[in-house]
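Could you build all of it, start to finish, from the sequences and the hints given here?
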Amino acid sequence: MNRRKRSLLYRWLDERLALSALADFFLNEPMPGGPSPWYVFGSSLFFILLMQVLTGVMMLFYYAPTMDHAWESIRYMMEEVPFGSFIRGLHHWGASAMIVMALLHVSQVFVWGANKRPRELTWLAGLTALGCVLGFAWTGYLLPWDQLSYWGTIVGTEIIGTVPVVGPAVATFLKGGGSIGAQTLSRFYAIHIWILPALIFTVVLIHLYLFRRQGVAGPFKGTPEQLEKTKGFFFPRQFFYDVVAALLVFVVLVLLATLHPPELRSPANPSLAPAHVAPEWYFLFLYQLLKYFPQDWIFVGTTVIPGLLALALIGLPFYDRNPNRHPARRKFAMCVFFGTLGIMALLTWLAIASAPETLKPDPSLAAKGREIYEAHHCASCHAIHGEGGDIGPDLSYEALAGRSPEWFRQHFRNPASVVQGSIMPGARELGLSEQDIEALTHFMFTLK
1 MNRRKRSLLY
11 RWLDERLALS
21 ALADFFLNEP
31 MPGGPSPWYV
41 FGSSLFFILL
51 MQVLTGVMML
61 FYYAPTMDHA
71 WESIRYMMEE
81 VPFGSFIRGL
91 HHWGASAMIV
101 MALLHVSQVF
111 VWGANKRPRE
121 LTWLAGLTAL
131 GCVLGFAWTG
141 YLLPWDQLSY
151 WGTIVGTEII
161 GTVPVVGPAV
171 ATFLKGGGSI
181 GAQTLSRFYA
191 IHIWILPALI
201 FTVVLIHLYL
211 FRRQGVAGPF
221 KGTPEQLEKT
231 KGFFFPRQFF
241 YDVVAALLVF
251 VVLVLLATLH
261 PPELRSPANP
271 SLAPAHVAPE
281 WYFLFLYQLL
291 KYFPQDWIFV
301 GTTVIPGLLA
311 LALIGLPFYD
321 RNPNRHPARR
331 KFAMCVFFGT
341 LGIMALLTWL
351 AIASAPETLK
361 PDPSLAAKGR
371 EIYEAHHCAS
381 CHAIHGEGGD
391 IGPDLSYEAL
401 AGRSPEWFRQ
411 HFRNPASVVQ
421 GSIMPGAREL
431 GLSEQDIEAL
441 THFMFTLK
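Positions 1 to 448 (our numbering) are the ones given, in order, by the sequence shown.
Accuracy of the hints is not assured; some may be wrong.
Stated by the list, open to error - Label-pair distances were calculated between CB atoms; the ranges are:
| # | residue 1 | residue 2 | range |
| --- | --- | --- | --- |
| 1 | Ile195 | His377 | 43 to 53 angstroms |
| 2 | Val166 | Ile195 | 13 to 23 angstroms |
| 3 | Pro168 | Gly315 | 22 to 32 angstroms |
| 4 | Pro168 | Gly389 | 17 to 27 angstroms |
| 5 | Ser186 | Lys360 | 37 to 47 angstroms |
Keep in mind the hints are simulated off the structure, nothing from the lab. Backbone N, C-alpha and C define an ideal beta-carbon position, used for all residues, glycine too.
Shown next as structure tokens:
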């Protein structure tokens with residue numbers, strides 16, 4: 001198509017779609033103080049959101065939201081579908097990237113004082129979108145229907161149930177009854193796939209409208225006259241910064257999805273709780289916080305402290321009346337904000353540090369463990385990837401069940417002490433030494 005034909009086509013489309021006006025609206029946004037790499041967090045967050053939508057839709061072609069097929073559909077996607085593991089990896093790491101980018105965006109807006117008058121509603125819309133992101137993270141955790149997500153959701157709904165007055169009703173609604181089951185999976189699926197996407201895109205559109213209505217706040221240094229003199233426009237410099245930032249984010253996510261794909265843990269087993277249940281890293285601070293409150297005061301950690309934190313963020317532009325936006329002249333606010341982030345980071349680190357020991361199986365010990373497993377005809381009761389009996393639990397994905405090495409050791413010594421009603425013979429009956437128990441433990445950690 002030559003230039004003349006392209007020009008005619010553009011004019012034809014412009015008359016009907018107002019392309020020139022749209023381009024002017026999106027590309028010629030005035031920016032007091034000029035473009036800056038510090039302004040890329042919002043656009044990067046929006047890019048990740050679009051990527052999550054795309055990968056989520058691709059996964060929907062294979063995912064089955066039922067108790068009998070949810071886990072198996074994820075397994076099929078990861079092991080049988082071309083690039084299925086990569087797509088799930090992008091979605092998995094994209095969830096963490098959204099949390100990180102949202103924190104960076106909120107922090108940058110706060111430090112720049114861009115939440116102050118007249119941008120209060122823009123701030124509130126952004127916080128609502130952040131709430132949706134957290135909702136996505138929590139509801140998506142259950143959908144694989146594996147062991148840790150099943151028991152983690154039990155803990156999560158129990159935490160919600162401690163909220164005074166409305167907590168029990170909300171927890172019952174989310175579970176679809178008195179316990180986690182088919183209704184829970186169906187409701188989390190509906191919230192994750194339908195309700196939250198509709199809500200977050202509505203809020204994001206409102207956020208963008210308010211952002212364009214009020215304009216870019218600009219740097220926190222300089223008088224209005226100085227900022228006007230150095231004013232720039234979104235295109236081309238800020239557009240370039242945003243594209244480069246989005247590409248960097250995408251490259252990092254591709255590397256993570258390729259080099260560290262998410263594991264498919266063992267299927268949910270309602271009759272056997274894992275030795276250690278913990279949420280994803282972005283909720284670990286709350287998980288750790290609850291350890292410091294006795295049962296009678298648990299509502300302080302589940303309701304009072306998170307509620308006060310949420311109210312403090314929501315009300316920030318209304319009670320922080322200091323018109324000065326420079327961080328050096330808002331020292332108290334800076335200390336409180338970053339002090340809170342520091343406490344959350346410390347609680348997250350403490351939760352990670354207090355997690356049970358993990359074990360990297362030694363090949364020689366694992367091989368000896370397999371020999372012991374076969375010598376004692378354990379396959380007559382247990383199956384591994386379709387081979388063996390069905391009297392005892394399936395061991396196909398035992399390494400991914402979330403149990404600690406010490407749990408396995410104690411289980412082999414005295415099965416009934418860790419699994420109530422177990423009919424499995426213990427080490428004494430089988431004549432197993434401590435070295436044999438250790439070898440079997442290493443063998444268990446190869447089953448995935």
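Structure-based check of all given hints:
1. Against the hinted window of 43 to 53 angstroms, the Cβ-Cβ separation of Ile195 and His377 comes to about 51 angstroms, which satisfies the hint.
2. Roughly 18 angstroms separates the CB atoms of Val166 and Ile195, a value that falls within the hinted 13 to 23 angstroms.
3. About 28 angstroms separates the C-beta atoms of Pro168 and Gly315, a value consistent with the hinted range of 22 to 32 angstroms.
4. The hinted range of 17 to 27 angstroms is not satisfied by Pro168 and Gly389, whose Cβ atoms lie roughly 42 angstroms apart.
5. Taking 37 to 47 angstroms as the suggested C-beta distance range, the pair Ser186 and Lys360 conforms, at roughly 38 angstroms.
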